[in-house]
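Chains as they are written, first to last, in the working numbering: chain U, 1 to 427; chain Z, 1 to 427.
One or more of the hints may lead you astray.
Any copy will do: because identical chains look the same in the list, a pair fits if it lies in one copy or spans two.
Calculated pairs, DSS-like style, for lysine-lysine (alpha carbon to alpha carbon, straight line, at most 30 Å) [said to hold, decoys possible]:
no.: 1; residue 1: K225; residue 2: K113
no.: 2; residue 1: K269; residue 2: K39
no.: 3; residue 1: K246; residue 2: K113
no.: 4; residue 1: K269; residue 2: K246
no.: 5; residue 1: K274; residue 2: K81
no.: 6; residue 1: K246; residue 2: K39
no.: 7; residue 1: K269; residue 2: K60
no.: 8; residue 1: K113; residue 2: K60
no.: 9; residue 1: K39; residue 2: K81
no.: 10; residue 1: K81; residue 2: K269
In short, the hints are calculated from the structure, not lab data.
Number of protein chains: 2
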Amino acid sequence: MADPAQIVTQLGSQARAAARTLVGTPAARIDAALEAMAKELLAAQADILTANAADVAAAKATDQTAALIDRLTLTPERLVKCAAGLREVARLPHPVGEVLREWTQPNGLRFAKVRVPLGVIGFIYESRPNVTVDAAGLCLKSGSAVILRGGSEALRSNTALAAALARGLAAAGLPAHAVQLVPVADRDIVRLLGEAVGVIDLLIPRGGRGLIEAVVQTARIPVIKHYDGICAVYVDQAADLAIAEKIIVNAKVSRPGVCNAAETLLVHKDIAAKFLPPAGAALLQAGVRLRVDDASRAALGTLNSQHSTLISTAVEADFRTEFLDLILAVKVVDDCAAAIEHITAHGSHHTDTIVTADAATAEQFLAGVDSAVVLWNASTRFNDGHEFGFGAEIGISTDKLHARGPMGLAELTSYKYVVRGSGQVRP
Amino acid sequence: MADPAQIVTQLGSQARAAARTLVGTPAARIDAALEAMAKELLAAQADILTANAADVAAAKATDQTAALIDRLTLTPERLVKCAAGLREVARLPHPVGEVLREWTQPNGLRFAKVRVPLGVIGFIYESRPNVTVDAAGLCLKSGSAVILRGGSEALRSNTALAAALARGLAAAGLPAHAVQLVPVADRDIVRLLGEAVGVIDLLIPRGGRGLIEAVVQTARIPVIKHYDGICAVYVDQAADLAIAEKIIVNAKVSRPGVCNAAETLLVHKDIAAKFLPPAGAALLQAGVRLRVDDASRAALGTLNSQHSTLISTAVEADFRTEFLDLILAVKVVDDCAAAIEHITAHGSHHTDTIVTADAATAEQFLAGVDSAVVLWNASTRFNDGHEFGFGAEIGISTDKLHARGPMGLAELTSYKYVVRGSGQVRP
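Isolated chain U, as found in the complex:
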């Protein structure tokens, strides 16, 4: 096996050369390449599924969890979805070249702020091989070259996928190095990618907290993090309780393993006794286990004895935990200000919702909660690039710099200023 530092150096210089070519590439050819990549992906189905079967067998042999094995597994249907995703990205508007702002100064200089590619993006992720395809498509459409570093457990699958994508690039006359996979599982690679100053313009780690912290610990280049979501739903005194119940059930149950699922339910003290018995019953019915504070327990009334195994007393840590499971921490608060305070102290600035019919209280919450996405009378699950209308997303940033919340194509670009004059000099 080659030296990891040599591998990263070589991938980096190839990516930079590809990025320079992409700057001058017509938009139509990038879309043609995305189409060709989709075609090659489907043509290579047999190879890809064989490689994937080997990854899955190895994962089973090392006693990986069922959840990991599910994420790792490719099927013909999942491959068709990957290819369809590339074609969807091909149909999206091109971000590069967009004029974000134009103005003229009194001295006659004409200014334009223009969207440009970032250059080279590094993307570090975990077991889902379909992310290889999604990230490749989004980075290419945004005009950047990408270096992909997937999980070691998916290396055979990702290698087969990347080979198909490279054939698609070549078929469209684009540099095959526009999309590169790190071909080894060496753990030093993550550190080396983060040290590639002047080579990689942006590093995006997406996965568990451990992965992201490892990247941040050593990176010297800009990183946009995709940390966990400790998302809250606050049911206000003035909430429509039927809406509130529908929202908390959707936010908790519709897909508990994702970052925009609710982990905390906050309930105004004046409606707790009215809201929690039916809402609690609906949640318990859906298989949710509740971790409740004393006031919530009192409000739940007879549910406590009917579901004694599903309702337990919350500890402080429960309000700081991303369960990613059918577990919900429940707390009664005095008012909207107390809800904001709780979220500020315990949340992860990801996604938080208020349910209320009172517009003034809603605006207090929307202004006071400093999260990437704050909602009024809607499920936390809407923090998602597709639901935002971005067409696609590479992830949901929990950072405040450059990109916050869903990252679509625009968030994968930079800008430059183009200034046109007629001989102006500075006095």
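Got chain U sorted already, so can you dock chain Z onto it with the hints?
Okay, now just chain Z, sitting in the frame of chain U:
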């Protein structure tokens, strides 16, 4: 002296509390505070100049350069300018609360992308004490608390300035911790600020390359760098030579010590013999020393013997150097493509200009040069927040993430998404 780690922890928690207060502070009160800070600054003139005199005396005693002592020195006139700067910032529009984009999805959800404060900004800079005032004003106006870490040689001056600013904040009823100065010169502070994960949202180092590299080497929080400018002027075959001469003289001579001054002159081979003799004479006349390649030397003709002490042969490193002095590297190139190639390989992606009357060549240059600011028929010196009409700037970013080029108030903010619904849940 207290422990540096304790100092940073305390400044950080005070800054976060101040930042929370600033979120709910009406815009008019922030402007009132900026006015009060200007007033207190002028009222404290005697104290500030006394403190500054002590800094200047200490710098002279340790044989600092005349340039450093000039940058360090405050005068009544410079203080008046600082106060006027705060008042100018007070009159600028408030960035926070601006709705950047609004749209409605088919399910009725109404989305708004709204500008919000970053929270806490760390600013690390060198000897000019006036930067203390400028940075404090811009960060406050952008709705963020700031922790200022100036150079040790200016600590007495900065302490007196910060005390006056704090009195202004208090007079307007704002938290005095919205603007804090690190009160010690300990070098560990730079590292500790960069490790303040979850406390400082953005760190901006502005100063020499050594300072910035020291910050990047250890920082775990987002950093926006203000590196050097190796700026080029390319004089095309189709240039108006009078305009070209005016631009290169302005770009090189008007203020050679700043990052947007030109360091490199590239000349199309077909006009070198016509352009370089008069332009070279004008530059030499202005005191510029030329470092020339062979073709430039040939084109300069009789100037070589007339100014043999001012014209020397360029080495490769001269084209990668930010001279910050009356020195210019000169090279003849084959065409616009060669100029782009030279700039890509040698420049610092800061500011580059083409002089030409040919629009197609100009657009080739503007598209092909990946710098924060690219200009056509205008001096590199226009890469400046005031010249852009931003009203003020905290510096010129050489990064591609979040902010590129001049950083005004908008670039010191983040955004969040506010989503208003009527009970929507995700299918």
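Hints versus structure:
1. For the homomeric pair K225 and K113, the shortest alpha-carbon distances inside one copy (26 Å) and between copies (20 Å) are both at most 30 Å.
2. In the homo-oligomer, the alpha carbons of K269 and K39 never lie at most 30 Å apart, since the shortest distance is 57 Å inside one protomer and 48 Å across protomers.
3. In this assembly of identical chains, the alpha carbons of K246 and K113 lie at most 30 Å apart only when taken from different copies (26 Å versus 44 Å within one copy).
4. Within a single copy, K269 and K246 get their C-alpha atoms as close as 19 Å, which meets the 30 Å cut-off; across copies the closest is 73 Å, which misses it.
5. In this assembly of identical chains, the alpha carbons of K274 and K81 never lie at most 30 Å apart, being 44 Å within a copy and 62 Å across copies at closest.
6. Neither within a single protomer nor between protomers do K246 and K39 lie at most 30 Å apart by alpha-carbon distance, with minima of 41 Å and 56 Å respectively.
7. When the C-alpha separation of K269 and K60 is checked against a cutoff of 30 Å, the pair qualifies neither within a copy, at 49 Å, nor between copies, at 67 Å.
8. Taking identical chains as interchangeable, the C-alpha atoms of K113 and K60 are never at most 30 Å apart, the minima being 52 Å within one chain and 45 Å between chains.
9. Taking CA atoms no more than 30 Å apart as the test, K39 paired with K81 passes inside one copy only; the shortest distance there is 12 Å, against 64 Å between copies.
10. Neither within a single protomer nor between protomers do K81 and K269 lie at most 30 Å apart by alpha-carbon distance, with minima of 46 Å and 55 Å respectively.
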